[in-house]
Amino acid sequence: MVVQCSAGCGCNAVLKRPKTNDALCKTCFYWAFETEVHHTITSTKMFKSGQVVAIGASGGKDSTVLAYILKHLNEKYNYGLKLVLLSIDEGITGYRDDSLESVKRNQEEYNLPLTVLSYKDLYGWTMDDIVKQVGRKNNCTFCGVFRRQALERGAILLNCDVIATGHNADDVAETILMNLLRGDIARLQRCTSHITSSEGSLPRAKPFKYAYEKEIVLYAYFKKLDYFATECVYAPDAYRGHARALVKDLEALRSTSIIDIIHAGEQLAIKDGVKLPKQGVCSACGFVSSNVICKACVLLEGLNRGRPKLAIGKSNKALAEILADRLASAASLSSVQDQF
Amino acid sequence: MEVSLNFSGGAELLFGKIKQHIINLPAGETWSMKKLLSWIKDNLLKERPELFLQGDTVRPGILVLVNNADWELVGQLDYHLQNKDEIVFISTLHGG
Chain A
1 MVVQCSAGCG
11 CNAVLKRPKT
21 NDALCKTCFY
31 WAFETEVHHT
41 ITSTKMFKSG
51 QVVAIGASGG
61 KDSTVLAYIL
71 KHLNEKYNYG
81 LKLVLLSIDE
91 GITGYRDDSL
101 ESVKRNQEEY
111 NLPLTVLSYK
121 DLYGWTMDDI
131 VKQVGRKNNC
141 TFCGVFRRQA
151 LERGAILLNC
161 DVIATGHNAD
171 DVAETILMNL
181 LRGDIARLQR
191 CTSHITSSEG
201 SLPRAKPFKY
211 AYEKEIVLYA
221 YFKKLDYFAT
231 ECVYAPDAYR
241 GHARALVKDL
251 EALRSTSIID
261 IIHAGEQLAI
271 KDGVKLPKQG
281 VCSACGFVSS
291 NVICKACVLL
301 EGLNRGRPKL
311 AIGKSNKALA
321 EILADRLASA
331 ASLSSVQDQF
Chain B
1 MEVSLNFSGG
11 AELLFGKIKQ
21 HIINLPAGET
31 WSMKKLLSWI
41 KDNLLKERPE
51 LFLQGDTVRP
61 GILVLVNNAD
71 WELVGQLDYH
81 LQNKDEIVFI
91 STLHGG
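Residue numbers (my numbering), protein chains in the order written: chain A, 1 to 340; chain B, 1 to 96.
Think of the hints as simulated: they come from the structure by calculation, not from any bench.
It is possible that some hints are incorrect.
As the list claims (entries may be wrong) - So the derived label-pair ranges between C-beta atoms look like this:
| id | chain 1 | residue 1 | chain 2 | residue 2 | range |
| --- | --- | --- | --- | --- | --- |
| 1 | B | Glu2 | A | Ser197 | 51 to 61 Å |
| 2 | B | Gly28 | A | Ala264 | 49 to 59 Å |
| 3 | B | Ser8 | A | Thr256 | 47 to 57 Å |
To be verified - Cross-link-like lysine-lysine pairs, in silico, BS3-like; alpha carbons within 27 Å at most:
| id | chain 1 | residue 1 | chain 2 | residue 2 |
| --- | --- | --- | --- | --- |
| 4 | A | Lys309 | B | Lys17 |
| 5 | A | Lys26 | B | Lys41 |
| 6 | B | Lys35 | A | Lys223 |
| 7 | B | Lys17 | A | Lys48 |
Virtual Cβ for every residue (Gly too), placed ideally from N, Cα, C.
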């Protein structure tokens, strides 16, 4: 049983596009997929000519395909970008050490410079150490917060102007649902931006924002792109798993669900008068924060004091404690005093 | 009837870490994909069936290709296997 390509080119179709239900052959699929990413980039004015872009590279399916496509599109359409690979080693045995091998292969295959930063060097803790302290619940909080900052630090080190990550449509849909389920209005508002940017931090772009995970995987499969595919050993306990299961079930019922959720998320407007946290900078490390001291610093304080749960949940109590300590022991903290 | 099964994207971990399995199915019967999945559950799946199957079909997030084409193009569970068919199962359920 053979289905013809919907584009009318006469070739046999190899996949059914979840977004449109079109049946496409390999060549038309590559063209459609690449053109859509190109459109996402140009219509949102994601990059400017001459910029240095740090591609967050984990060796996984999304970042491998991202590196391949950005390089391809940069050349084909003359974006004028300088691309570098930036990888973060969280120190998860049996997961990250293997995937880093995959990133090194990407570096050779795509001929892009690679820099690797580790949690151990940046924070003095590996994820394995953290999980031993924190347990298997809530450890993703540490990892996510630390990684975002690590990417930022790495990108600054390499004189980059913007960070590109491989977050795909499925990821964005899951995030929208998660923020809804947890009542996180501020994040709900921010998470659908093509580029998240705020004072004191580098812009982060998501060229794959509208690209379905299924298509990324099939693109890699048909193009024979090599990536590392294993679930993080700590992932099965993550809260995101619930949102992911729902999104996947919805996709099976009605494949446009994913892009519809993103559309709904983008159109959401916050009512007037709703109090949102203001984004400033952390008084301890200078990175972006909506509190006096950023989450990463609070998490780290907790770990170093042997009280890892200090920052999990509502952070006000933890902050008050830490602030009281710092005010008592520091000579002067004028920036903190100004805030009050 | 000889059929080749390929598991990747992490799915191979459920099948003894072996990516390719050439199997022989008893002749004289019609083998739909639905029947094949049932056969895989009984004969090949080494552990944690809920990570591969959900109800009658594969767990959402596992892509299936029949002779290098999306199984959605050939009727998914209703597709009837033929001799020397190549079925590929790619798991997408991992970090990117």
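Okay, which hints does this one fail, numbers in order?
-> 3, 4, 5, 6, 7
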